[in-house]
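Student: These protein sequence lines are chains A and B, in that order.
Just so we're aligned: 81 in the working numbering is position 81 of the first sequence, and the numbers increase by one with no gaps anywhere.
Just so we're aligned: 67 in the working numbering is position 67 of the second sequence, and the numbers increase by one with no gaps anywhere.
It is possible that some hints are incorrect.
[What the hints assert, rightly or not] Derived lysine to any residue pairs resembling SDA-like cross-links, with alpha carbons at most 25 Å apart:
#, chain 1, residue 1, chain 2, residue 2
1, B, LYS91, B, ARG265
2, B, LYS39, A, ALA90
3, B, LYS39, A, THR139
4, B, LYS258, A, ILE143
5, B, LYS115, B, THR105
6, B, LYS258, B, THR248
7, B, LYS39, A, LEU137
8, B, LYS258, A, GLU135
9, B, LYS39, A, ILE131
10, B, LYS39, B, ASP176
11, B, LYS258, B, LEU97
12, B, LYS258, A, LEU138
13, B, LYS258, B, THR198
14, B, LYS39, A, LEU127
15, B, LYS258, B, GLY158
[What the hints assert, rightly or not] Chain B stretches covered by chain A per the calculated footprint, using a threshold of three residues with CB under 8 Å from any CB of chain A:
#, segment
16, 16 to 28
17, 38 to 45
18, 57 to 66
19, 130 to 140
20, 203 to 209
The set of hints was computed from the structure by calculation and includes no laboratory data.
Backbone N, C-alpha and C fix where the C-beta goes; we use that ideal spot for every residue, glycine too.
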Amino acid sequence: MTPGFVHRLDGWARHMMPAVTTLILALLNVIPLGLPALSDVMPVITMMAVFYWSVYRPDLLPPVVVFMLGLAQDILVGNPTGLMALTLLAVHGVTVTQRPVFLGKPFFVAWLGFTVISAGGFALMWLLTCILATELLLTPAVIFQFLMTAASFPIGAWVFVRVHRYLVR
Amino acid sequence: MASRPVSFTRVAQPVRSLWHRFAYVALVFAAFGLMLLGKADVVIVERTRVAVTDAMVPILEVLSEPAGSMTRALDRVAELRDLQGEVERLKLENTQLRQWQHVATGLQAENQALKRLTHFVAPPTPRVISGRAISNAGGPFVRSILVNVGARQGARRGLAAVSGSGFVGVVVEVGDHHSRVLLMTDLNSQIPVTVQTTRDPGVLSGDNSNRPRLLFLPQNAHVSTGDPVVTSGEGGVLPAGLPVGVITAISDSGVHVKPIVDWERLEYVQFLDYRIEGASNSPVSEARQVTPAAPLKALPVQVVTPVISETSAEAAPVVGAEGSGSP
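Bound-form chain A, shown alone:
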């Protein structure tokens, strides 16, 4: 009885890992580092995580979890409520439909896919921000943040692969 229960608990904890690590990374995303110009163009780690898990284990990061993670990040960062939630849902939705394109392909295909999909994500966020503020947001920082996010995807993927291999299995 007890070993069975422990086993189930272990499996349950393993299945929680994608969501938990993404939440931790979202928290790390907002701490003040004080490094010049970095806070402006901090890569959006949650977007990478949602892409990675939507490709390789979509069952572990269902839309409800994506939605909750987005809301948590909105609240942490001070975004309008729902902005990141909607963006991550869009990234998740598009990625899940394109899964066969990335599965079993070399890494750079996934990287290219992430670049395209995250560009769409940033465009959506930019559009929603402009609509909600009823003002045109014209700051190059949006493009820099997108470039930083796309460029640092390999680093993020390295972490997710480790989590995938050793914690989720």
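Go by the hints and put chain B onto chain A.
Tutor: Just chain B, lined up with the frame of chain A:
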């Protein structure tokens, strides 16, 4: 026997995928709905946000501590690297500041004499609540920071947030243990200001860049680059005279202001509470009464009541130095 689970899956699969699709669409609509509700300032959304942030504050406080010390260590290394140049610069600055000190003491004496002559009533002394910034500025879509003092320490919405050097932003959200400061550079920030040298009023409007624009200046305004900008206190939300920044560029795209605050080293923030609204007969004594009552045990928070003449004597030469050069 084996056919049963297969047929069950065959029946369940479309239902499940339909349910998944429905859940996805419902969540997308929920996100849209939350955005609209948040835009309409619905109380429940606001309260939930505050409660969730309050719950995450302890984690952020712990995480931001080593990050802060790492930054300080990096700063120290950079300092050591150009120590010689720094000494030279400081010596030069010191001689300049000595001259300024001389001017300032003279001006202070004159100021006090004139105030006595005109029976000037000094503005109320602010209550200062100090806290640590526990989040970064938020990226290109929003500019705000979390500070680890909240309603328990006496923070409330609408207070002016300053750092050692100048105005930072306005407190827009207060929980028990945290406050959110909307930085003056945010897209939604509109701060009534005055150009200090010409007394031209205007509105400092953020655009999520580091150079907010100065809007609604009078037609005949004669502003020039290098002019200092201070809060005007119009509207009664913010106190007047807080140093905001310096005009750096005047072009077709507008007048741009460089904030005095060093955004990269925004570690500690002070909230100034003047209690402008709802002030009874003497706002000063009321504020002094409140000070000891506030619970101070929980966090490394200091509630200090500085003397206003000291503050203005410190601030005046610094602001003046930007505009008119050394005497």
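Student: What hint numbers does the structure not satisfy?
Tutor: none
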